[in-house]
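Q: Per the numbering used here, numbering through the sequence shown is continuous, rising by one, with the last residue being 963.
There could be a bad hint or two in this list.
Below, simulated DSSO-like cross-link-like pairs (lysine-lysine); rule was C-alpha separation at most 30 Å, straight line [claimed, not checked]:
1) K627 / K497
2) K594 / K805
3) K799 / K815
4) K416 / K383
5) K961 / K950
6) K416 / K815
7) K537 / K501
8) K815 / K805
9) K627 / K416
Treat the hints as calculated values from the structure; they're not laboratory data. What you are looking at is a predicted structure, and each value in this text was computed from that prediction instead of being measured.
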Amino acid sequence: MSDLLIEILTEELPARFVDNARAQLVEHVTTHLDESFIVHGDIRGFSTPRRLVVLARNVKEQTEARTMEAKGPARASSYDAQGSPTPALLGFCRGQGVDPADTYTVDVADKSYIYARKTVAGQKSSELVEAFLPRLPHEITFPKMMHWEESGFQFARPIRGLLALLGVEVLHWEIAGVQSSNTTFGLRVGKPKPITVASPEDYMRRLREAFVIVDPAERRRLIEKQADKLLKPLGFKLGDNMSDLLDEVVNLVEYPSVFLGDLPKIATELPESVVRSVLQQQMHSFLVYDQNGNVVPHFLSVRNGLTDFIDIVRRGNESVAKARLLDAAFFIQEDMREPLEAYVGRLDTLIFMDKLGTMAAKTLRLERLAACTTVYASVTPEEEATLFAAAHLSKADLATSMVKEYTSLQGEIGGVYLSRAGGSPDIVSAIREQYVPRSPSEDIPATRVGRLLGIIDKVDTLTGILATGFNPSGSEDPYGLRRAGNGIVRTIVESRESVDLEILVKKAVEGYQATGSLPHPEDLQQKVLDYLKGRITQYFKEKQLTREFAPLEYLPLVELGSIPERMQALHEAAGGAVLVTLADSHRRIQNITKGLPAATSLPADLLLTDPEELVLRQSAEAAAPRILQFLAVRKYPEAIRTCEELAVPVTVFFDRILVMATDERVRSARLLLLCYLKYILGLVCDYSKLT
């Protein structure tokens with residue numbers, strides 16, 4: 273067995289493209305190896321800003337001979353009236369390399385088909401790999417593509433080298449005019465010479481000698497170790513919210529060298545968020561804190577390369593930081609000559625999105641949604657007033673010079689300006705938190721009004737974009753639809769907030785209709801709700817809670833915030849014999865009443881006469897109000913225990929009563945009783961999905 277190494281060498285890829293491209297390459301290589309029946313061991317992906325690499329361990333040099341079964345034409349079309357093979361059968365046999373006499377018939381879904389069985393000889397793995405190598409670059413997708421040569425091939429950046437080794441054997445492939453070889457290049461600094469790679473085992477060592485660390489996890493550890501070595505003796509540290517920036521920096525360097533720089537005095541006079549944004553957005557550098565979490569006038573940066581002349585690099589970075597911070601101080605000074613309210617009137621000059629009007633129109637829609645908060649959330653009059661005021665000012669800072677220069681500060685700068693002007697702390701917090709969470713690692717808003725403002729803002733955005741007919745697919749999501757959907761779901765689930773998304777989305781659609789900016793209104797409300805349901809499912813999938821979520825998947829969206837507590841209650845009740853019995857009964861109820869709606873009540877004159885029917889009705893009608901009461905106050909364990917009280921009467925009912933009686937009136941009454949039980953049990957969860 274030998275190891276398989278594949279490298280695609282490119283111009284510098286955007287940092288945000290690298291991780292996903294590496295994952296795609298690993299996935300496609302794995303798929304191709306498996307589909308080619310090539311036995312292999314562990315497969316790992318590596319990457320730098322200039323290369324995507326896959327290493328497959330213990331690849332067998334030869335595939336095993338195997339027997340294949342192929343489906344051919346229907347038997348009826350395979351032979352003519354005289355019993356002779358038709359052209360359809362003869363063509364199938366030629367393609368499979370078998371004689372018609374060696375075929376056989378298999379019945380599939382009440383129809384007979386011709387099948388052939390043939391033995392495929394083992395093949396050299398190198399030949400099979402060479403067959404799929406040219407397809408790999410075509411299979412990797414990026415948010416943005418470019419082409420740079422005559423064939424029109426597209427990739428995120430120009431491809432400059434291809435390498436594939438199976439053991440010591442060099443595999444040949446070509447893409448975009450680039451021929452593969454057993455050479456690669458080290459760190460770009462200076463004039464790197466070609467590096468000849470003798471084997472996959474030789475690859476990592478030779479690149480390390482050329483100052484390239486291919487493993488991003490190792491680069492991350494090196495950055496953290498070097499940072500700790502510089503900061504710890506001084507009593508400093510990096511912030512707790514630097515994970516996303518660190519992920520980015522890891523994909524900006526092939527050989528990290530960390531250095532500490534000084535910030536000018538102006539840095540201590542500016543808001544922390546401004547200094548952090550300047551460093552991160554303009555310089556990909558880290559803000560430094562003392563052990564008490566206070567900002568210190570230093571920054572940490574990472575050079576791509578060795579420590580040669582690092583003092584010159586440091587001074588250059590310090591000059592850039594000083595200039596940027598002075599610019600920021602000037603912008604803030606100029607912006608604050610007017611109150612934040614003054615910028616609201618300028619939002620009609622900013623386009624929200626093509627076909628969807630201006631930011632001024634969006635602000636009006638947010639105000640409408642804030643003014644009717646009580647119809648989709650339980651809020652106090654004070655919270656509603658604060659939400660309306662925050663919605664009115666929420667987008668004002670988009671018209672400021674500071675946000676135009678540093679877009680990542682939207683919301684934050686509005687909060688800073690309002691706070692300095694003596695504005696309400698609650699409104700300030702809401703404006704700052706409206707865009708949170710921006711990433712999976714960022715916490716949800718800390719305040720209730722901030723959460724509600726963020727939810728209505730994202731719902732408005734989601735509704736508008738889907739109204740244009742756009743739908744994200746694959747890695748394409750230029751308008752941040754998935755981020756908006758994920759933010760709504762995370763905020764509600766993780767805060768346990770009670771928000772009726774169905775009503776909120778309906779109001780959002782009405783808001784667009786009122787402004788006349790709704791290109792495609794057909795079924796829009798349902799499209800938005802379906803999209804959110806997909807994001808909810810994906811959220812629990814990423815949390816590896818798919819099985820736990822299944823019994824709760826069809827709860828009304830207003831119950832989204834209660835799902836974590838319901839999951840916990842079901843987890844605590846799991847394993848009990850009564851719950852297993854109830855799950856079986858619920859499954860049986862659903863099968864019998866398939867296609868019939870749940871019944872929320874029973875008529876007094878319902879034709880039920882047998883004792884088992886009467887006992888079940890009495891038990892169900894006694895349990896229903898108690899279950900509703902427990903659910904209203906989120907006492908889910910009590911609601912589950914109340915449902916379990918129905919397990920015995922339901923079991924007895926099924927044991928002794930024939931639901932599908934010949935008398936239509938009796939049958940209808942019994943089905944209605946089961947539909948009532950379907951409603952009661954469904955209030956808590958879909959017990960039939962419990963395993």
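Q: Check each numbered hint from earlier against the structure, then list the numbers of those it violates in ascending order.
A: As far as the earlier hints go, 1, 2, 4 are violated by this structure, in ascending order.
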